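Student: Quick mapping for you: the protein sequence lines, in order, are chains A and B.
Numbering follows the working numbering, in which position 265 of the first sequence is assigned residue number 265; successive positions increment by one, without gaps.
Numbering follows the working numbering, in which position 180 of the second sequence is assigned residue number 180; successive positions increment by one, without gaps.
FYI, nobody ran anything at the bench for these hints, they're computed from the structure.
Some hints could be false.
[As the list claims (entries may be wrong)] Which chain B residues stay away from chain A? Per the calculated CB distances, all over 10 Å, these:
no. : residue
1   : Glu59
2   : Asp66
3   : Ala91
4   : Arg112
5   : Glu135
6   : Arg159
7   : Ile190
8   : Asp209
9   : Gln223
[As the list claims (entries may be wrong)] Quick partial rundown of chain A residues pointing at chain B, CB under 10 Å, derived from the structure:
no. : residue
10  : Lys2
11  : Arg9
12  : Asn16
13  : Ser139
14  : Arg351
15  : Met356
16  : Pro447
17  : Leu451
Model, not experiment: these values are computed from the prediction.
Built from N, CA and C at the ideal position, the CB exists for glycine as well.
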Amino acid sequence: MKTVDVIKRASSSLKNAKVRTILTSLAIAVGAFTLTISLAAGEGARNYTDKLIKSNIDPQILAIAKNKSFFEGGFGGASQPIEYTSQTETVSRPGVRTITVLNQSDIDKIASRSDIEVISPAYNINAKYINSVDSKKYSVSINQYNRGVVKNVIAGELPALNQPLGKYQIVLPEVYVNLLGYEKPADIVGKKVTIHLERTAQYTKEEIQAAINAGPGALQKLAAVESKDFNFDVIAVIGKNITAITTDTNVQIGNDEAREMSEFSTIGTESYQKYVIATAVVKSGIEPEKVKESLINEGYGVQTAKDLQSLLFTIVNTLQGVVFGFGIVALIASVFGIINTQYISVLERTREIGLMKALGMRGRHVSRLFQFEAAWIGLLGGVIGSLAAVVAGSLANPKITDLLSLGEGNFILIFVPWQIVGLITALTLVAMLAGFFPARKAAKLDPIDALRVE
Amino acid sequence: MIELKNIGKVYGKKSNSFRALEDISFKIPSGSSVAIIGKSGSGKSTLMHVMSGLDHPSEGEIVVDDVNIHKLKGKDLDNFRAQKIGFIFQAFFVQANDTTYNNVALPLEIARISHSSRKKKITDALKVVELSDKEKQKAGTLSGGQKQRLAIARAIVNRPKIIFADEPTGNLDSTTGEAIENLLFKLNKIEKATLIIVTHDSDLASKCDIRIYLKDGKLEKIQGLKK
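The shape of chain A in the complex, shown without the other chains:
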């Protein structure tokens, strides 16, 4: 019997048992629905992550830490304690165990490499407040200006991409416009704001002893808090970028000012000129991966933009795997449904099988007939489930986007046609496999016995 005739016969047999076929297909459809949604969610999440990375991180950028193990076992936490030597410099951070840090000579060494364009340590700045003339004082978090990221400028103007900020220039997030006493973002552009820093000075034993000897006045002076105001010109106000990783409440200043402020805060402390991490830009035309390898060989911990992407993708893939697992469980349940349905079908059609074999149909063609029937069930279930997922997902997408504030045009469910076609094909094959045992039973029936069945 030709395969095309077997397929047609299989389709015709299913049409003759419509209710049973549809019910069995619906079981497959549940699995297909879950798997399609899982694939779409994975694709959407990866796509969104990719957008985040691309719009926030220059692909030439490297994150560099003192120790190789810095990026192992999650950001900032070495999986194993490291050996202490007299050269080991560490800082303690709340919530993070003691970590080795980069010092100025590390920064200078990396900066002198021919494949590095620029390196900026992540300066630790503890500002007390920000204010403008006659405004109240507000808490402030400060970031170094990232010249490689396109920003959503709503007033003023930023330097061209990859150009640094000018001396004592500052970029404010929109949230500060009203707080600092201005009505519209454009009103604050060109105005001055002040960032106030304070520190408690660190003294040597000798200095402290001298103050004790000098009396209470000298001691009071010793304990006084030193403060310094840093004045900046506002050059632009930026709005929330829908694909921004950083928060929208951080102000941004140039590297030199960040360094100055950091050194003011930390001078005399164990944190002075110590950096947990630094970002370096690899010169254009040089593979960041190669520079990473070279730095790792020198003992540094290095992460590229691609590594960060991989890390985020791993998280997405893990979550997708969990949902996919549920789909597989549903699918396994439906496979038993197919096996059961096909066994019943073989029992009901024993005489038909007997007739076909008497007429010369080969056992393997009888087997194929039942396997193709199962395949049709799988195909139908796959199509129903996938279509339902596409319809439901397309309807839900705008609501999910609103709920998660992903921004217009960003969808968490992205249906990829080839994935859906692949899934339906896989389900058809799985169903065909499920039909194997009933089909084998049909193929092995003795035609004489089969024809005798009442």
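Add chain B to chain A, keeping to what the hints say.
Tutor: Frame of chain A; chain B shown alone:
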């Protein structure tokens, strides 16, 4: 020509064995009509199964047109049945949910007859049994006589050399049964196919050229066979 040489058939093993056929030998000329007659349990159906290649004999051999059919291996034996044999059963065995047309198409599909030549063969077969107007009708909706005519169309559609009919009128009333008998004998003459009818109906048997009587699995007598 169909030739049976010392055919025996034993079911089961050793102490549980049962001999259904014993030392049966005869020759049937091509194109003749043959009745295999006997009471229930006489071995009629077993003989038909063995002669048609559905079952293997325990002893002896069956030669059809110089081919020992039980020396054929699986695929060749299936092909032999698909190309040379037609079956008509007492219980019709039509596929009730399928159309008349598709029921008749089944043997052609099994015999891998090309799509292009199928339609004419099916139309011709349905015309012979006067079911041309029922082509698209579901087989389940046909009357008993129509179902048996459909079974006959299915049996003759591939122009087999031998048609086996197992109690073909057993499930029909006398008038319809007689019409079916007449149709079978007419086809036997027109198609020149050997018609082998298994029956215990002596009236039907009397219409056949050759009558083979079985009793307790043994050949009792043969009538009508020219020496």
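Student: Could you work out which of the previously given hints the structure breaks and list their numbers from low to high?
Tutor: The structure breaks hints 3, 4, 13; every other hint is satisfied.
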